[in-house]
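Q: This is what each chain is made of:
2 protein chains.
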Amino acid sequence: MSNPRFDVLCIGNAIVDVLARVENQFLEKHQLAKGMMRLIDEQTAEDLFAAMGPATVISGGSAGNTAAGIASFGGRSAYFGKIKQDQMGELFGHDLRAQGVHFDSARAIDGPATARSFILVTPDGERTMNTYLGACVNLTVADIVPEIVADSAVTYMEGYLWDRPEAKEAFVKAAAIAREAGRKTAITLSDSFCVDRHRDSFLDLIRNQIDIVFANEAEITSLYQTQDFSQALELAAGDCEIAVLTRSEKGCVVVSGDELFTVPAHPIEKLVDATGAGDLFAAGFLYGFTHGKPLDHCAKLGALAAAEVISHIGARPEVNLADHAKAHGLM
Amino acid sequence: MSNPRFDVLCIGNAIVDVLARVENQFLEKHQLAKGMMRLIDEQTAEDLFAAMGPATVISGGSAGNTAAGIASFGGRSAYFGKIKQDQMGELFGHDLRAQGVHFDSARAIDGPATARSFILVTPDGERTMNTYLGACVNLTVADIVPEIVADSAVTYMEGYLWDRPEAKEAFVKAAAIAREAGRKTAITLSDSFCVDRHRDSFLDLIRNQIDIVFANEAEITSLYQTQDFSQALELAAGDCEIAVLTRSEKGCVVVSGDELFTVPAHPIEKLVDATGAGDLFAAGFLYGFTHGKPLDHCAKLGALAAAEVISHIGARPEVNLADHAKAHGLM
Chain E
1205 MSNPRFDVLC IGNAIVDVLA RVENQFLEKH QLAKGMMRLI DEQTAEDLFA AMGPATVISG
1265 GSAGNTAAGI ASFGGRSAYF GKIKQDQMGE LFGHDLRAQG VHFDSARAID GPATARSFIL
1325 VTPDGERTMN TYLGACVNLT VADIVPEIVA DSAVTYMEGY LWDRPEAKEA FVKAAAIARE
1385 AGRKTAITLS DSFCVDRHRD SFLDLIRNQI DIVFANEAEI TSLYQTQDFS QALELAAGDC
1445 EIAVLTRSEK GCVVVSGDEL FTVPAHPIEK LVDATGAGDL FAAGFLYGFT HGKPLDHCAK
1505 LGALAAAEVI SHIGARPEVN LADHAKAHGL M
Chain D
1205 MSNPRFDVLC IGNAIVDVLA RVENQFLEKH QLAKGMMRLI DEQTAEDLFA AMGPATVISG
1265 GSAGNTAAGI ASFGGRSAYF GKIKQDQMGE LFGHDLRAQG VHFDSARAID GPATARSFIL
1325 VTPDGERTMN TYLGACVNLT VADIVPEIVA DSAVTYMEGY LWDRPEAKEA FVKAAAIARE
1385 AGRKTAITLS DSFCVDRHRD SFLDLIRNQI DIVFANEAEI TSLYQTQDFS QALELAAGDC
1445 EIAVLTRSEK GCVVVSGDEL FTVPAHPIEK LVDATGAGDL FAAGFLYGFT HGKPLDHCAK
1505 LGALAAAEVI SHIGARPEVN LADHAKAHGL M
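In order, the protein sequence lines correspond to chains E and D.
Going by the working numbering, the first sequence opens with residue 1205, and the numbers climb by one from there.
Going by the working numbering, the second sequence opens with residue 1205, and the numbers climb by one from there.
Some hints here could point you the wrong way.
Because identical chains share one entry, a pair is satisfied inside a single copy or across any pair of copies.
As the list claims (entries may be wrong) - Derived BS3-like pairs: lysine-lysine, alpha-carbon spacing no greater than 30 Å straight-line:
| # | residue 1 | residue 2 |
| --- | --- | --- |
| 1 | Lys1474 | Lys1530 |
| 2 | Lys1474 | Lys1388 |
| 3 | Lys1238 | Lys1372 |
| 4 | Lys1530 | Lys1233 |
| 5 | Lys1474 | Lys1233 |
| 6 | Lys1238 | Lys1497 |
| 7 | Lys1497 | Lys1388 |
Since the hints were made in silico from the structure, they are not lab data.
Nothing here was measured: the structure is a model prediction, and the numbers come from that model.
Using the sequences provided together with the hints, build the complete structure.
A: As structure tokens, this is what we get:
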């Protein structure tokens, strides 16, 4: 098997984040569950935007953030996602390419606008996401370029894709191509509500088509319908080749066969905005994984990248992660 | 004369800032003079954007930043400026209104897109601006709503408007209406290159139609064609009812008739991004001025607001400036 052109291909909903600081009362008034992601329609998006304070706009999208993070580490990443040919789509495409990510998905010419996630950041640094999928609804199997999937060491996908049958189909096709080409597949479970909606098919997927599963504590316990993290961990170890389970400030646990590693969270001065923590953890981990690092080292790279992204507003790294890792003796 | 509905009406180029961190070499490679503002055409904007790193998008525009700052202090501000009915224009309008600024200027339906300023922030925190005026070229006398001008205690305008004859005409009309209604007029000289382009008409303007002039050291010395700040100060004192001269970390000097106040800069931990320093200084000063504060107190409010805005990316306040001023014993 030849050396792949890309370390990691990321597939996900192409979203521009519209971030605003709000007080806790704002979440209560709008009946929003803190820390969650919900899908909203265009009218709700307009109403929420009108009610929000002044915004900061930064490219986002879970897998897009991961692709950007991998590139910032110096990895070769590619991205599939659907934007419209509009100003927000132009921004999204620019930001990925400016970071060095290969991104060439066909843009929608008509139909809904480029997706936006209205992200409300509370004083505790937690983020609550309200996502208008917009043009993402046009992501289909037609957007899966087989040559790129087959030429990527790992194909990594968002669980969020599971919310739309066409995107799920695209996901399954990509996983099949990757496996056929002898490459690895990875998924993030994305959100505990998302896991709730798709528990059985997620279980089926990770048992049969996925090599590396990323999940946080809420997601993995939701998947196995248990309150007990240790139990969820044990079940995950049985189902996944590699399970990477993140626990916010408690660090993470990586299990693979008989191996188990716990890695502490990288210290931060202040949690400013949790947006992108999981995405950047995955970026660090996958960068390490595709560069032959041991699993605990992969997790340390993940913890470092997650710590960087939650120390500022927005889900894309503000520093060069390769330099950052070198400064911390991790590269 | 009745109490005006607005404390300050701000008129300027309605611009969305597209900010990216760059190394000094980037400025050298693109032959950009650090700290300056240059106007660029659409093609240059596209080329520069393509060459820039990942961006953060935050509403800007000098007078827009000032209007937002005044509202954040709890003042009543209004804004005239031209956006297009597009995604960036929607963001700009939302951000002003979300801050509590009255903004109801007619949006352009066709023609160029909403203006963007590509702002390159170097490691020293200095910003270098490249502005594509876009829809701003449609700001004309038709956008000056006489009732609002007459109902604002102060009408404040950007020197940048002087770069286009139609905007200059709008400026002059607004100043005349304000004076006719017994209100005050104010201008910021905006940029030393802008002063260079319009020295004689700026001098004529401030001698005859403007009550309060805001300028930094480079601008006021350019206006009077001298290297000597003291000399420029003396000349300004003769020409302006109130001259507010800012000197970055050296603080500011306010002169009015026989009175002269020097106020130190408000201390900051780290200069992150100088974008909006002058705009927010003007916001604090004008908030104080329209609330009957003595000139030195106005300058302290200006220094406080400027310090806040240069401590983070973007030219709009990230905290409630009224609370911030109370916490510092200034309100």
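Q: Take the hints in turn and mark each one as holding or not.
A: Against the structure, the hints come out as follows:
1. Lys1474 x Lys1530: Result: close both inside a copy and across copies, 22 Å intra and 24 Å inter.
2. Lys1474 x Lys1388: neither (35 Å within a copy, 44 Å between copies)
3. Lys1238 x Lys1372: within (27 Å within a copy, 49 Å between copies)
4. Lys1530 x Lys1233: Classified as between: cross-chain Cα gap 27 Å, same-chain 45 Å, threshold 30 Å.
5. Lys1474 x Lys1233: Within one copy only: 27 Å inside, 36 Å across.
6. Lys1238 x Lys1497: Neither: 35 Å inside a chain and 42 Å across chains, both beyond 30 Å.
7. Lys1497 x Lys1388: So Lys1497 and Lys1388 pass the 30 Å test inside one copy only (15 Å; across, 67 Å).
Hints 2 and 6, counting from the list given before, are not met by this structure.
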